[in-house]
Every structure is written in C-alpha cells, then in structure tokens.
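Colleague: Since the structure of chain C is already known, use the hints to place chains S, U and G with the ligands on it.
Protein chains in written order, with UniProt numbering: chain C, 1 to 247; chain S, 1 to 247; chain U, 1 to 457; chain G, 1 to 457.
Think of the hints as simulated: they come from the structure by calculation, not from any bench.
For clarity, every value in this text was computed on a predicted model and none was experimentally measured.
One thing to keep in mind: the hints can contain errors.
[Unchecked claim] Chain C residues, not near chain U, derived (Cβ > 12 angstroms throughout):
(1) Pro-61
(2) Lys-113
(3) Gly-193
(4) Ala-230
(5) Trp-238
(6) Arg-239
[Stated by the list, open to error] Per label pair, the in silico range of CB-to-CB distance:
(7) G:Thr-52 / C:Asp-5: 48 to 56 angstroms
(8) U:Asp-434 / G:Glu-61: 51 to 59 angstroms
(9) U:Lys-200 / S:Arg-13: 39 to 47 angstroms
(10) C:Arg-188 / G:Thr-52: 33 to 41 angstroms
Even for Gly, the Cβ is constructed at its ideal location relative to N, Cα and C.
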Amino acid sequence: MYFLDDYSGIFVRYDLKRERGEAKAVAVEDEALQQVIQCVVDGDTDNIGEVVRKALETKDPMEVINALVKGMNEVSRLWDEGVYYLPQAILSSDAMLEGIEICEEKMGKAMVKKGVIITHTAEGDIHDLGQKIVNALLRANGYEVIDLGKDVPVDEVVAAVKQYKPAMLTGTALMTTTMTAFERISKRLTREGISLPFVCGGGAVSEEYVTSFDLGIWGKDASQAPLMAADAVSGKDWRQLREKWNG
Amino acid sequence: MYFLDDYSGIFVRYDLKRERGEAKAVAVEDEALQQVIQCVVDGDTDNIGEVVRKALETKDPMEVINALVKGMNEVSRLWDEGVYYLPQAILSSDAMLEGIEICEEKMGKAMVKKGVIITHTAEGDIHDLGQKIVNALLRANGYEVIDLGKDVPVDEVVAAVKQYKPAMLTGTALMTTTMTAFERISKRLTREGISLPFVCGGGAVSEEYVTSFDLGIWGKDASQAPLMAADAVSGKDWRQLREKWNG
Amino acid sequence: MAKYTSMAYQSADEMVFGTAKYPVKYGRDFEVGGGLVYPELVPHPRPGSEETKKTLVREYEKMVNDVLERCVQLGFPGIQIELEHVYQMTRNPDWGGEIAAATKRLMDDYYQKYGLKSAIRATIADYRKPDEENMRDSDALKNILATFEASAAAGADNLSIESMGGKEITDYAIVRQDIKGVLFGIGVLGSRDVEFLWKKIVEIANKHGVTPGGDTDCSQANVAMFMAGGYLDKSVPHTFAAICRAIAAARTLVAYEQGAKGPTKDCGYEDPIIKAIAGIPISMEGKTCACAHSDLLGNLVAAVCDLWSNEAVEYHDMFGGTTAAVFTEILGYDVALMNTAVKMGKAKDLRDMMINSDKYRDTHGFILSPDNAYEIGKAIVSNSESYYSRARAAAIKAAELMRGDSKLLLSDFEKEVLESTYKALLSLPDKEEDFIAECIPVYQKQVKGFKPSNYGL
Amino acid sequence: MAKYTSMAYQSADEMVFGTAKYPVKYGRDFEVGGGLVYPELVPHPRPGSEETKKTLVREYEKMVNDVLERCVQLGFPGIQIELEHVYQMTRNPDWGGEIAAATKRLMDDYYQKYGLKSAIRATIADYRKPDEENMRDSDALKNILATFEASAAAGADNLSIESMGGKEITDYAIVRQDIKGVLFGIGVLGSRDVEFLWKKIVEIANKHGVTPGGDTDCSQANVAMFMAGGYLDKSVPHTFAAICRAIAAARTLVAYEQGAKGPTKDCGYEDPIIKAIAGIPISMEGKTCACAHSDLLGNLVAAVCDLWSNEAVEYHDMFGGTTAAVFTEILGYDVALMNTAVKMGKAKDLRDMMINSDKYRDTHGFILSPDNAYEIGKAIVSNSESYYSRARAAAIKAAELMRGDSKLLLSDFEKEVLESTYKALLSLPDKEEDFIAECIPVYQKQVKGFKPSNYGL
Ligand SMILES: [Zn+2]
Ligand SMILES: [Zn+2]
Ligand SMILES: [Zn+2]
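Isolated chain C, as found in the complex:
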C-alpha cells in the first residue's frame, strides 16, 4: 500500500481555515448567578441542580431563570460562531431545563412560555432523532412543546392541533413514503379551516415537496426551529414564513 505525502491538488482542508469565534464568559455581579450561567454554558448537568438550589437560597426564582436563559443565549451565540457544536448546545439545554424545573417547583407554577408548538414524526416513521433535537432546541428557547412522539397517525395530529391551538406544527420524516402524511395533514387542516405554519423536515423531505402543499414550510435544519417559532408566535402566517425561509 502506497501513501502520498503531499495531497495538494487532490483536496483542500477548508475546515482548518475556518474562522472560529471566541468563548467569552458572560460576567454578572452575583457569584451564585454567575455559577448558574457557567453551568449552562458548560452543559454541566451533573452540577446544575446544586448551583441552582444554592442560588435560590438568596435569589428570586425568576432571577435564577433569567440567569439560566442568559447562559443559554451565550451558548446559542457560541454555536452560531462555530465555537460550539450541536452536542454542546444540547447538553446546555439539558442543564437549563433541569434548572428551570427546579425554579418552577419553588415558584409553585410553570414559567410563562413564549408559545405552544406541536411536534411529531410521521406515521410509519420510527426515526425521531430529528424531532428530539427540535424539541430540545425549542424548549431551550422558551417554547412549550407538545411532543406527540413518532409514528403518529394523521388523525391524532389533527386532533392535537384542534386541542392545543399551537402557534406552529412541525413534522419530521426520514422516508419519502411516510412524508406523504404531511400533505394529508395539510389537507385535513385546511378543510377544517385551520391555518398555521406547518414546518416539515428531516431525511428525505425536500423543499420542492413541502412547498407543493398549503401550510408547508420546509425546515432545512433543526437549528432553524426556534427562529421559525419566533416568527410564528409573532403572528406571521405560513405564507410569510415560507417567503422568508424557503425559495
């Protein structure tokens, strides 16, 4: 077996040239809150419980929640800039959600969410990793997620939309022969006079397909989900979302 020493002309390692943002710490006055932020930025699920409980000894739950959110915002920035990758964001989200749960217990009620989003994986499809990532990112960004799970019949999706009246619905599918359920959902909703952004993505789901039926917006990447949710909650309709995110 013969190995070259010089690979020029065969490939270029563009990935090494990539600019990389810097991990700046978010500084706050309070030591306890600083630790909360740090735990979220580090995705430190082992210690988040302890530092949140410690902070709650002196701080109002909403103050602690704000610190958690501040940490998560920092993580989003680091991910955007390529300092962090998805796993760092997911771990931070785990940490943050655990912290919020503790705060909510202390408050005796759930914090106010930005809006309700329903997510599901198509009927016949048992690959729900994409949906799980979407769930994590939406929750990390303050949305209430109704998770219908995987292999969800069309009827069930339509019923859930009627029941929860979400700002946005998402569907994930790996296979094209299961994604046809999305079009059926769209038709059922439209027939019942319901109009909301229905973001579809995953595996074999293509922009051409999703934009061929009403309500459909193609989601290229899980990381778009919170931004799309923000648009939906702000009152943009599905046509406006499609105009912005597709084409």
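Modeller: Just chains S, U and G with the ligands now, kept in the frame of chain C:
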C-alpha cells in the same frame, strides 16, 4: 498504451447475441407491382419514379398505391424485427411517398388519408429532427400531416387545431425550458372545450411532465407515432391513449 | 457466543476490491467476491406509490426493468438489485413477497434473453420501536420475520436488515457527545440485538436455501456520520463520529458470527473492518451514492468493495432516463473501471489511488483506509472476551490511530473532542458486567422507555 | 484559412488527462491542462424558471451556490461552472449577462472566504435557423453576438457555443444513412460556418480580455451518436455514427484555427482528436453525464480530458441534496481519483484502465481511444488541402480502423453499413469544388430551405 486481449468481466456484447428477423420478399403475381414493392423495400428513391410509371401503364393507380403500401408494411415488419434500422424505414417512406404522388397525379386527386395529424416543434426550440421523423413515419402510414414547423408560438398551434380539427396533435421539444409551451397549449385547448390526444416527446420531455397536464400523452419514441395515430383515429380519447401508452 | 479471534487476511495489503476470502454465489449465475465487482442498484419508489400493493408492485416493476434494460444497453455483465423495504413492504409481508417475485420474473427474463447475470437483495425494514415495545416479542417482530419468509420464498437471494437495537440510547448519546452511551447503545445493546435477530434470520434463510446477507449500523453510526457532515457542518464532531464507526464494526460483526455470509449491506461503512476480520464479500457505497447522501470518502470506500452501490435513489425522470437507469449507468462504469484494473493486473494500483484520494480528507476515510481498518480489526479480535471489550478496544484503537498520524490534520475543536473522548474511553471499566451495571441506571433515568429486558438484561 | 498540418503530440501515448500542451489560465486562480483535472458542472434551470429574468437569475444563484458550497464541504480544490444558455438567456442579452454577473459574485465570495478556485464558461445558444433565415445576417445572429459581449463584460471567463451550421443537411442525411450528406453538412458547411462565427467570437473575447473557449458538433455528431444509442437501439447504425464523429473532428478544429484556445466544450466527443492535433485542453463528459444522456464510452472518454463534466442536470431535490450538488460531488471524486493518479505518478495506468474499459465496447469508444483518435488526427493534418478533403480523410481513416481491428466485434448489419459507407466515401470526388458542385443541386432539391449563400457558396 496497454491493451487487453480478453474483455470478459468488463463488458458483454449483448448486441451480437440479438436475434434477427429475416428479410422475406413479399411475392405478388404481377411483375410490375413486384418491382414497385421491391423499390419501397429497398428504399430506392432513384428508381421508384420509373417503376411506378411503368406499373401505371397497365395498372389502376389504386392498385399501384396498394403495392406501395404493401412494400411499406413489409418495411415496418423488418424494422420491428431488427433487420432494418430507422434509415431504411425513412428511405422506404421517401420512396413510397414519391410513388403515391405520381399515382395521385394520374388519378387527378389525392388518395384518401386515414386521418389528419398536426405536428409542431415547441416555441423557442429550433431542433426539429424528431418532428421530421414523426412526419415521415406518419405519412408513410397513410396519415395527412399538417406540419407547422419549428419554434411555433402557442397561438398558432391552437389556431391550427381549430382550423384543421385533427385526430391528434404532436409536439416535440429538446429543452425543458421550451417544453413548458405544451402545458400552455393544453390549457388553452381545454379552456376552449377542445379535447384531443396531444402527444409530446423529444429530448428532455419526460413522462412525469407530460402526464401532469390534461390531454398530454408522453411519446417515448418516434416509431410509436403511427400506432398512436391509429388509436386516435379509431376514436380513443386522450385518457385512453395515456392509459395504454404511459404509466 | 463464538467470536472471531483472528483475521481472515494476513495483512491489509492482501485486501482488494472484487475478491473476498469467502465468495458467495447465488441468483442467476452471480458470484460476489470471486474476482470481479458488480454494481448494486437500490431504487426507491416515489411518494404516493406506496398507496396500494398494486401501485407499489407496478412502481417496482418499472424501476427494475429500467435497471436491467440499461445494463443490456451498455453491456454490463451483471447487477444486484436491492429491494430496500419501505415501511409498507414489511408491514404487509405479502407486499414484500410480491415485489420480490416480480423482480425475479424480470431478472429471469433478462437472463434467458441476454444472459444478464443478476441477484436480489431483500432488506427488510426493522420497524420495532426500542423505547415503546418489546423488541423480542412484538407484532412488528412477527411481521419482520414473516416478511423475511415471504421474500425468501418469492425469490430474494440475499436477506438483509438494518437492525435498530440500542438506537434509543445512541440517539440520546450521539447528540450529547457521550461516548459511554454510544458504546453501550451500539457496542453492548446493538450487539446483543444483532445476535438475537440474526439467529432467526439465518434459520429462515437456511430453511429456504437462500443466503443470509448482512446487517449495518445504519441507524446509529450512519446517523453520527451524516450529522457530522461536511467541512462546514457543526453538528457532530468528525473525530467523534469516526470513533462511533469503529464501535459499529464490533457490533455488525455479530451478524456474521451468527451465520450471515455477505455480501454485507452497502451502507455499512464499517464493512472494510468486517472484511478484514471475516473475509466475507462486502457491498459499499461512496461517490455514486451522492444521490442519497454526501460523504467525505467517496473513492476510498471502494478500495476493498465487492459490490458497489448507490445506496438509494428516488424514481424520477432525468434528461438521460429515469434515475434508476442513470445510476445504474454510473455504477456500471465505476465497476467496469475496477474490473479492467483487475484484468490488467493493476487492481492494487487503482485501490491505492482510491485510498490516497481520501485517507486524509477526513476522519472517516482515515479510519476506514484498509491499513487502519485492519488495525481496528486486530483490536477487535484481540479483545474478544465480550461484545463490550472488543467494541471499546475498537474505539480506543481508532482514537489512537487518529492521535498518532501527523498527516491527519485536525482543527483545535476536533482535537479537543478526540482527546476528551479518548480519555473517557480509557476511564471506563474493563469488564462488561461492570460497564453494564454502571450504564443501566444512568440510561434508565435519562432515556425514556429504555428497557434492559429488550436485550436480555 | 491557415490549417493545422502537424500534430501537437509526438505520439498518442504522450497524451494523458490533466495535462495539455497549451494550458489555459483564467478565472479565480484556475488553470486547465496544467497538470490537474477539474470538474465542470453544468446546472440546468427548472421548467418555469425561465418565465422572467428575475426568476431565472434567482434559479441560477441557487444552483451556483449549491455547487460551490458542496465543493467546500468536501474539499474540492476548484470547479468550472458552465452557464449553458437556455434560449431565453441568449434571446435577451441582458439575461445572460446578469446571470454571468451573479455567478461571478458568488465565485468571488467563495474564493475570498475559502480560496476555492473557479471559472465560468458561458455557452451562448445558437438559435439561428439554417433553413429559414440568413445565417450571416439575422436578428438571431445579432442577439448571439450581443450576448457574447454581455457575458464577457459581466465576468464569463470562457466563451463557447454549439454552432448549428449545416444542420439542415445533416438532419436530413443522418436518418437516411447518407454519408455524402453528412460530409457536406458537417465537413463542408459546418466548417465554413464555424470559421465565419469564430472570427467574430474571438474578436469579442479579445476585446474583453477573456478566453475564446470552444465549439462542439453537438447538433450533428451527437445527434447521430444519441440516436445510435445502446446495444438494443435500431435508429442509426453505430458504425455510421462513429464515422460522423470523425468528420466532426475536422469541423470543430476550425474554431481553434480561428483562435479559440479551449478548454473545449464538454459535449464535443471529437475533442480527443482535437487535443492530439491542437494541443489545447479539453473538457469531456462520460459516465457522470448519464444524468443527461447515455453513452457507450463512459470511462474511455476521460482518458485525456482536462475538465470532467456532467453535461447537464436539471435542478431538483434528491435525498442527497439538489442535483447540482449531487453531481458536483460525483464529478469531484472522479476528478480526485485522476489527480491522485497524477500525484502518484500513475496517471497513465489509470488512463489505460479507462481506455480498456470501453475501447471495444462500441464503435464510438473505439475511434476515440487515444491511439485511434491520434491516427484520425494524422489523417486530418495530412489532408489539409480543404475542409472537405480533411473531413473525408478522417471518415475514411475511421472506417479503415474499424475494418482493420478484429477485436472490434460487429453484427452483420453493422458490418454491411460499414462496408457500404466506406465504399461510398472512396467513390466521392477528391476535390472540394467538385464535391460542392455535386452536392448543391442534390440537397437544394431534397432539403427544403437549404441556401448555399448561408455558407458563402
Ligand atoms: Zn442504510
Ligand atoms: Zn441501502
Ligand atoms: Zn451539447
């Protein structure tokens, strides 16, 4: 440069194994008509005029025409069976049509055609070889062809259909960005309440596209044109043609 | 269970495309690994065609005919077609059976008329839900086995599957860069599930006199690889994904220990390691599966293949014919080039070109370069005390190879991930029982629906 | 006009992919024929996108971006994109210009950000109608020249065309197996029209400091080849189509005699002959252009290429991304394999594998195998008295090569066609003026609209 002697495992010359039909002569009693048939079978455009004129000395023009048609039928069989290729069929068609013209002169009127077919090449498209082959094969099979030529505007096609009331319309296109004219033609005709088989084919024209609009039947190959025309003339509508020839 | 404890090949250099230690013969005069490479074409039905059995069978008939016709048009000596089941084909065993039968009819026809060699792989869909049902006794499992039976009876020559055991854990672990979870999900749970399933598949294959083909860690290692993506992606670190792949080799190997004979499944990128250990013929996919997904080892992955695949292409029209025909053509010429090299006595030259094209392009190509794949194989067979021990050894070896070759350039971030993953691997217990005891409570807490009993634990 | 009278290479064996006697540099750090092969990707807009300038420019922006992004994702060093004009882009010179400008903007961006090398070929649509209008003075011609100007001004690096001169005759002749007509249409009329057009194109290129690229006999020799099709087709005999190709070489050569510098157009299958004579870099298409059309020389045609192309792929989604990205990936790896062979000092080994894959698969591969292509080139330069004499010599040489190699197997029918065509070629007059005098009345009678004045006759 290094050349192998043995190509087994790399490719198999399936074309050499192909069965080949045999060129049987069609025998008729009359010597003069036999020569007419032979000229058509041979695609002999140099001598067809002479032998047809000779036959007309003793035969009725319709008898000669029947001999010409008999020769062409033999050619179709030979092409089907792989003895002949397209050029042989085209040359025979040239010979036959030249012969018919002479007979028609003698009769003082045109022979009765099986039906009228309009052909055209799409607007913006100057590649009309496919159409020319279709024309030749349709004429060789006894159809009257209204040849609108190439780069034909939608309006002109629609107007011609209204004027000539053909049994079938064909459209040829090499480019997908010109074939979109076919859909516009279909819409215009449908809106005016005209229904006829509209066979579209050539270069980039796909079955998926053609069967996506009303009237459209996808033509895979020029050699199908006479058979489709026969169906259209026999009264089959576009849905029946599509059912038979596509899918 | 009996485990491989030695390598099928004396050295990596002995391995080359087209030839396997243990060739497989089946189908219509079709031999895999016997000296020549054949294409394996995987057509995928259009959305909507799954509506009824009739429409789906019709769709397959058209696709299969396009593939076979293109082979004859261009003089390709033979082809394998994979019927990679969409959900509906396995959910309804008679659908899968009827499609296999229709495919066989067409293949018989082309074989008689032209002598075109051919074979059918039926890849049954594993649609068990690890976190919702009993993996070892569910309706899904019953249908899966019934569809294996129906396919074998109807004419499938090779029975394969992309099994899902452990996916509930790896789905959780991959996106958290949790190497312990990956090792548990793929290395332990995956291996145990492969063992469970393949005992049954081999039994069915033997009963019908067809060939038990192979498995692939598609649902886990490919998830890591696809998410890792290209140079610009920032989902899963590439060094981490490469280590997941090494672990997958130890898992997929179990199918062959249970009696599968290959050719392996195309999307098992771990297969060069499998071939080095087990000597069975392998199907691979690389540049010509760009229709299905992108990868950073488009040429290298062909270096020791026996079948060369497009992975999956949805049936549509292109200018040059249907996608099924188009990708048959590209694969067929790729393969013709390899077979020409064989005939010229230059197969190893071409193999080395393929390797050098991608060995240092990225981590996956690096660890699957035959020399490194061979080393990982050795780590596996030398640590055969348990599924866990060999999976961990494969992971450690992959990490060490990446750490030890200065020609493999890594960004600072990738280096950090590699170092932390390596350290985590070293810190894990040596014994499988200790590892399992440590993992069960952790993942029962973290992964909703995880049931150790699904894996006999 | 001055004609080539000698070969650029001493022997066929001197020729290999990636290197041309006279490399061309342009674009963003892009060199063709300088030692490495690059991919040339040709994206085709979806039907409907041609509706307005805005929608078409947007379509191109998306396609071009997908191509460039995929290159960076996978580490491809550079790429050429061909803007192969749909009718509307040439009909409206500002459309073509604006699309070139948009492409350049994106390429500049990727070059700055990542150092990705790149170049633009603008291929203007020749939509003159030889049988309906004045080929040397029509609105179509004016638009064509204006679009060359607009493209050059906007950033096209290479100006190319698929010119149509003589097509009215060859359309008639090819489907009648009339070799005299083909020789007249391609060899005489085609050559004269190329001369006429390329004087003007070279002038425009020089004025803007861009490179006059090349022409191709797509509209004639490719019609014969595509109609000849595969082993099962029975439209145009394969031996006849191969002879048409040899004639096309004598015709396309005229562009380089007028000052075109290459790289040639991808669909000019006659280009290996051109390279042997003129030493300019060539773009070729083979197996990876199956998306556009099928051919029987998928590997061989890469043997001496300098750019490697997909010919045309309509923009759609596949599982692995858009078709533009998918075919960039396949081409990119094909090219990586070639460049690896170069770096390993094994380029000629890989070249010979490509050749042996297809030399005897069919007639087109046979005559374009570099050894035979070189012989046809010699016949051309040794018979340079007239366009006619060299085209006829090329045809006779191609026929003789096919008649003289017992390894090229032919069916009885193909043999008969070859013999009758060869005889017909030998029986033609030696002098161009005699040949022209013989042809004009025949084809004026037989081909409606044929006007000798279109060709200065
Ligand atoms: Zn797979
Ligand atoms: Zn597969
Ligand atoms: Zn072309």
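Colleague: Take the hints in turn and mark each one as holding or not.
Modeller: Hint-by-hint comparison with the structure:
1. Pro-61: holds (24 angstroms)
2. Lys-113: Per Cβ check, Lys-113 of chain C is outside 12 angstroms of chain U; nearest 21 angstroms; holds.
3. Gly-193: Label holds. Min Cβ-Cβ 26 angstroms, cutoff 12 angstroms.
4. Ala-230: For Ala-230 of chain C, whose nearest Cβ neighbour in chain U is about 21 angstroms away, the distance exceeds 12 angstroms, so it holds.
5. Trp-238: Check passes; 21 angstroms lies beyond 12 angstroms.
6. Arg-239: Answer for Arg-239 of chain C: holds, closest chain U Cβ roughly 23 angstroms.
7. G:Thr-52 / C:Asp-5: 48 to 56 angstroms: holds (53 angstroms)
8. U:Asp-434 / G:Glu-61: 51 to 59 angstroms: Holds: the Cβ-Cβ distance is about 57 angstroms, inside 51 to 59 angstroms.
9. U:Lys-200 / S:Arg-13: 39 to 47 angstroms: The hinted range 39 to 47 angstroms holds for Lys-200 of chain U and Arg-13 of chain S, with Cβ atoms some 44 angstroms apart.
10. C:Arg-188 / G:Thr-52: 33 to 41 angstroms: holds (35 angstroms)
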